[in-house]
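Asker: Below are the chains, spelled out letter by letter.
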Amino acid sequence: MSSESLINCEHVSCTYGNSAVLDDVYMRVNRGEFVGVVGPSGSGKTTLLKAILGTHPVAHGSITMQPKLTLGYVPQVETVDWYFPVTVEEVIVMTRSKSSWWPRITQAERKAVRDVLDRLGIGEVANSHIRELSGGQQQRVFLARAMFRNPDILIMDEPTSGVDVRTRHEVLHLLADLHADGLTILLTTHDLNGLAAHLPRLVCLNKRVIADGNPREVLTPSVLEATYGAPMEVLEHGGMPLVVDHGRVQMRGEGK
Amino acid sequence: MLAFDLFEPYGFQFFQHGIIVATIAGALCGLLGVFVVLRGMSYIGHGLSHAVFGGAAASAVIGINFFIGAGIWGIISGVLIARVARRRVLGADAAIGVVTTASFALGLALMNRYGQASKSIEAVLFGSVLGVKVADIVAVSLVAVFALAVIIVWYRKLLFSTFDPDVAQVSGVKVSVVEVVLLSLLSLTILVTMRVIGTLLISALLVIPAAAARMTTNSFSRLLWVSPIIGAITCFVGMNLSYHLDTSASATIILLDALVFIVVYTVAGTRNRMKMASLGHV
Numbered sequence: 000m001s002s003e004s005l006i007n008c009e010h011v012s013c014t015y016g017n018s019a020v021l022d023d024v025y026m027r028v029n030r031g032e033f034v035g036v037v038g039p040s041g042s043g044k045t046t047l048l049k050a051i052l053g054t055h056p057v058a059h060g061s062i063t064m065q066p067k068l069t070l071g072y073v074p075q076v077e078t079v080d081w082y083f084p085v086t087v088e089e090v091i092v093m094t095r096s097k098s099s100w101w102p103r104i105t106q107a108e109r110k111a112v113r114d115v116l117d118r119l120g121i122g123e124v125a126n127s128h129i130r131e132l133s134g135g136q137q138q139r140v141f142l143a144r145a146m147f148r149n150p151d152i153l154i155m156d157e158p159t160s161g162v163d164v165r166t167r168h169e170v171l172h173l174l175a176d177l178h179a180d181g182l183t184i185l186l187t188t189h190d191l192n193g194l195a196a197h198l199p200r201l202v203c204l205n206k207r208v209i210a211d212g213n214p215r216e217v218l219t220p221s222v223l224e225a226t227y228g229a230p231m232e233v234l235e236h237g238g239m240p241l242v243v244d245h246g247r248v249q250m251r252g253e254g255k
Numbered sequence: 000m001l002a003f004d005l006f007e008p009y010g011f012q013f014f015q016h017g018i019i020v021a022t023i024a025g026a027l028c029g030l031l032g033v034f035v036v037l038r039g040m041s042y043i044g045h046g047l048s049h050a051v052f053g054g055a056a057a058s059a060v061i062g063i064n065f066f067i068g069a070g071i072w073g074i075i076s077g078v079l080i081a082r083v084a085r086r087r088v089l090g091a092d093a094a095i096g097v098v099t100t101a102s103f104a105l106g107l108a109l110m111n112r113y114g115q116a117s118k119s120i121e122a123v124l125f126g127s128v129l130g131v132k133v134a135d136i137v138a139v140s141l142v143a144v145f146a147l148a149v150i151i152v153w154y155r156k157l158l159f160s161t162f163d164p165d166v167a168q169v170s171g172v173k174v175s176v177v178e179v180v181l182l183s184l185l186s187l188t189i190l191v192t193m194r195v196i197g198t199l200l201i202s203a204l205l206v207i208p209a210a211a212a213r214m215t216t217n218s219f220s221r222l223l224w225v226s227p228i229i230g231a232i233t234c235f236v237g238m239n240l241s242y243h244l245d246t247s248a249s250a251t252i253i254l255l256d257a258l259v260f261i262v263v264y265t266v267a268g269t270r271n272r273m274k275m276a277s278l279g280h281v
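Which chain is which? The protein sequence lines are R and P, in order.
Position one of the first sequence corresponds to residue 0 (numbering that gives the first Met the number 0), numbered consecutively onward.
Position one of the second sequence corresponds to residue 0 (numbering that gives the first Met the number 0), numbered consecutively onward.
No false leads were slipped in.
Selected chain P positions facing chain R (in silico; Cβ < 8 Å): (1) Ile-151; (2) Val-152; (3) Leu-158; (4) Phe-162; (5) Val-166; (6) Ser-170; (7) Val-172; (8) Asn-217; (9) Phe-219.
Hints listed in this document are in silico derivations from the structure and should not be mistaken for laboratory results.
Please read these numbers as outputs of a predicted model, since none were measured by experiment.
Cβ atoms here follow ideal geometry from the backbone N, Cα and C, with glycine treated the same way.
For reference, chain R alone in the conformation it holds in the complex (with noise of 0.2 Å):
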């Protein structure tokens, strides 16, 4: 892998109005990594997001990218407007606005689009509405528009949140295969078990990184806690870590 760094925040602190949502938070995403921003809810995993992609500012520290990195930005699915009247085709040329002023879809974009979609295995729904789209084909089409820009780094905000388990087997394979294409990818997740344990280095934010490193080194009973507030055990399944999480609530009349 090289070891040349494309992203790199050092004593990155960002607040919203006078609470501290990150603080001195060291990270570096160097070319051809796979990493996965892990934490709990108001950890500060997508405000790490939105201050690399420039839309959240920093008020301590600094963000250093390589010049002329071109970001590819997934946001969660959860926050797109599905009834807006856009096709995918439209949804994907979007990302071209600042280069091309014509209003209409040319022919070589029409075959770009097209060349983007087949990659990412959905060539039959370039005219189709986007909320006619079912939960994995919404989530290629998004990840289709971000490789549209042909990416240095593609940045993915909860790729699997809302999605069901198949959904989330397609998007890990499909991001497994790009990485393996040599695609620098730099997600956010709070799914230990089906997206983070299987990626190549995790990283545990809360407010500040309590761990960084692959798996096996990071997803232990002590960084887990450190990063939940809540005690966690970690089993072997397969070759891989398996979170098990103790706060098991007692229901009304179980145990009777």
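Based on these hints, arrange chain P on the given structure of chain R.
Answerer: Positioned in the frame of chain R, the structure of chain P alone reads:
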């Protein structure tokens, strides 16, 4: 006899001017209304029209040209709304409420203190076809051509920043600039149409044609055609009806728009129910 009756109003110059301005204004409001409806900013038309009223009053008191005074005032209000709305703790609705009602109140106070009293206030609030001049035709035509040019050249930026502002910004689109330009266009549109429609009912002309058009198509580009056509036709027919029924032009136009909306809503609802019923048999 019928033909004579139908063409009778065209014998009056004020009507000729009025119907040209109203038809262009209907198309213009329909065009910009697409962005108003898709951005969930239906209240903005209402708010900006109130703000422009403040500018109209101030320009009358100061003694400067109506279009310059009210236009600058409207654009400043639009920019202020965009700035206040960016503070997410408040949101766009509160921003519109604060900026525009204050402006409207200032306009009322100025007119009470220095103005020619209630008649001019009524004309600004409800519109007056009698007051339409050649300068109004020129003004509404210029704004329509300008708005069309902006929408053609910025089509992709407008679409991207309306659909997904966060990703648009990351992709290099200056979303805040697009927002200010759109609000300025809205202010100018309100400014040049307020003489016919009046400040109180302009927001309906910005919302209803686009909302009705939205129910007829799932294509953004087609929406940009259908909505102005609905706006232009309802304004044209409404103006004629208002003459023959002896009703207010603005009220007749808006009622006709509302009727179109109800018809489209009913037809679209029936079509969807039939589609669902046919799927039920599968």
